[in-house]
Amino acid sequence: MGDPMRIRAQVAGANAVVRVLMAHEMESGQRKDSAGKMIPAWHIQDVTATLNGKTVMTAEWGPAVSKNPFLQFTVKGAKAGDKIGISWKDTKGDSRTDEATVS
Amino acid sequence: MQTRRETLHRSAVVASLLAATGLFPQFAWAYNNTAFDAKSVPDVLKALGAGAPVASKDVMIEGPDIAENGAVVPVGASTTLAGPKQILILVEKNPSTLAAVFHVNDSIEPNFKTRVKMGQTSDVYVVAVMADGRALFAKKEIKVTLGGCGG
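In the order they appear, the protein sequences are chains S and P. Each residue of the first sequence is one higher than the last, beginning at 6 in our numbering. Each residue of the second sequence is one higher than the last, beginning at 130 in our numbering.
So that you can see chain S by itself, here it is in the shape it has in the complex (with noise of 0.2 Å):
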């Protein structure tokens, strides 16, 4: 499950400009290991964001995602008090939600 995202979400005007901070190790199967095989690819595919349990962003990403992901992003109308919630799968099947408010 790894640890647990940190999220900030806070409103800027009619919107709320939601930080996310990822615990992954984000492999881009391009690094050998000190026996030189390669080391294979694990990293995050699939990263959903909602406001309030709707579905407001989707994300697809590739190995060349830095680790521990940062993303940042603006999502409309959001209020103070409302629930950010953010989701994301790996390529191992492994997946994790953490949630957050608006404040």
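Any given hint could be a false lead.
The calculated SDA-like cross-link candidates involving lysine to any residue, where the alpha carbons are at most 20 Å apart (straight line), are [claimed, not checked]:
{"#": "1", "chain 1": "S", "residue 1": "37", "chain 2": "P", "residue 2": "224"}
{"#": "2", "chain 1": "P", "residue 1": "242", "chain 2": "S", "residue 2": "63"}
{"#": "3", "chain 1": "P", "residue 1": "242", "chain 2": "S", "residue 2": "22"}
{"#": "4", "chain 1": "S", "residue 1": "59", "chain 2": "S", "residue 2": "102"}
Per the computed footprint, the stretches of chain P lying under chain S, defined by three or more beta-carbons under 8 Å from a beta-carbon of chain S, are [stated by the list, open to error]:
{"#": "5", "stretch": "160-166"}
{"#": "6", "stretch": "193-204"}
{"#": "7", "stretch": "211-225"}
{"#": "8", "stretch": "241-247"}
Label pairs and their calculated CB-CB ranges [stated by the list, open to error]:
{"#": "9", "chain 1": "P", "residue 1": "136", "chain 2": "S", "residue 2": "11", "range": "45 to 53 Å"}
{"#": "10", "chain 1": "S", "residue 1": "98", "chain 2": "P", "residue 2": "224", "range": "22 to 30 Å"}
{"#": "11", "chain 1": "S", "residue 1": "73", "chain 2": "P", "residue 2": "193", "range": "17 to 25 Å"}
{"#": "12", "chain 1": "P", "residue 1": "195", "chain 2": "S", "residue 2": "106", "range": "36 to 44 Å"}
{"#": "13", "chain 1": "S", "residue 1": "84", "chain 2": "P", "residue 2": "162", "range": "35 to 43 Å"}
{"#": "14", "chain 1": "P", "residue 1": "166", "chain 2": "S", "residue 2": "19", "range": "36 to 44 Å"}
{"#": "15", "chain 1": "P", "residue 1": "261", "chain 2": "S", "residue 2": "73", "range": "34 to 42 Å"}
{"#": "16", "chain 1": "S", "residue 1": "11", "chain 2": "P", "residue 2": "198", "range": "18 to 26 Å"}
{"#": "17", "chain 1": "S", "residue 1": "24", "chain 2": "P", "residue 2": "166", "range": "24 to 32 Å"}
{"#": "18", "chain 1": "P", "residue 1": "136", "chain 2": "S", "residue 2": "24", "range": "46 to 54 Å"}
{"#": "19", "chain 1": "P", "residue 1": "198", "chain 2": "S", "residue 2": "97", "range": "20 to 28 Å"}
Derived from the structure by calculation, the hints contain no laboratory data. We put the CB at the ideal spot given by N, CA and C, even for glycine.
Mind docking chain P on chain S? Use the hints.
Leaving out everything else, chain P in the frame of chain S:
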């Protein structure tokens, strides 16, 4: 009398036909392996069903001129165009050119920031794909002093 084998075969055929009709919307967002495996900017866009990319002032890319650490390069992707369907971030010289696809809808602004790995100095593209398949892009060369793919 229908054997169990025939029944299983028939239902598999029916299931695949149903999936092909697009009646099951969860397949609409299926991870596009072809696009993520593509090795050049035109190949990525072709795999996503977008047209040939056209440079546009309405698509913006933010990023450093020089990235001290190729493993963590902050990139901002946005557009002032109305109604883009997807915003893409591509790193031309990466072994995996397509870094990210963001699906845009009415609930969010077409404005995203993330961090990508860059193996070497390369052009980074932000592409906005419109509903009709038109692809508009902005690009910026980001110099990398220390490559980010571990090589």
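Hints, one by one, checked against the model:
| no. | hint | in the structure |
| --- | --- | --- |
| 1 | S:37 to P:224 | 15 Å, holds |
| 2 | P:242 to S:63 | 14 Å, holds |
| 3 | P:242 to S:22 | 11 Å, holds |
| 4 | S:59 to S:102 | 14 Å, holds |
| 5 | 160-166 | holds (count 3) |
| 6 | 193-204 | holds (count 4) |
| 7 | 211-225 | holds (count 4) |
| 8 | 241-247 | holds (count 7) |
| 9 | P:136 to S:11: 45 to 53 Å | 51 Å, holds |
| 10 | S:98 to P:224: 22 to 30 Å | 23 Å, holds |
| 11 | S:73 to P:193: 17 to 25 Å | 18 Å, holds |
| 12 | P:195 to S:106: 36 to 44 Å | 38 Å, holds |
| 13 | S:84 to P:162: 35 to 43 Å | 38 Å, holds |
| 14 | P:166 to S:19: 36 to 44 Å | 40 Å, holds |
| 15 | P:261 to S:73: 34 to 42 Å | 37 Å, holds |
| 16 | S:11 to P:198: 18 to 26 Å | 20 Å, holds |
| 17 | S:24 to P:166: 24 to 32 Å | 30 Å, holds |
| 18 | P:136 to S:24: 46 to 54 Å | 52 Å, holds |
| 19 | P:198 to S:97: 20 to 28 Å | 26 Å, holds |
No hint from the list above goes unmet by this structure.
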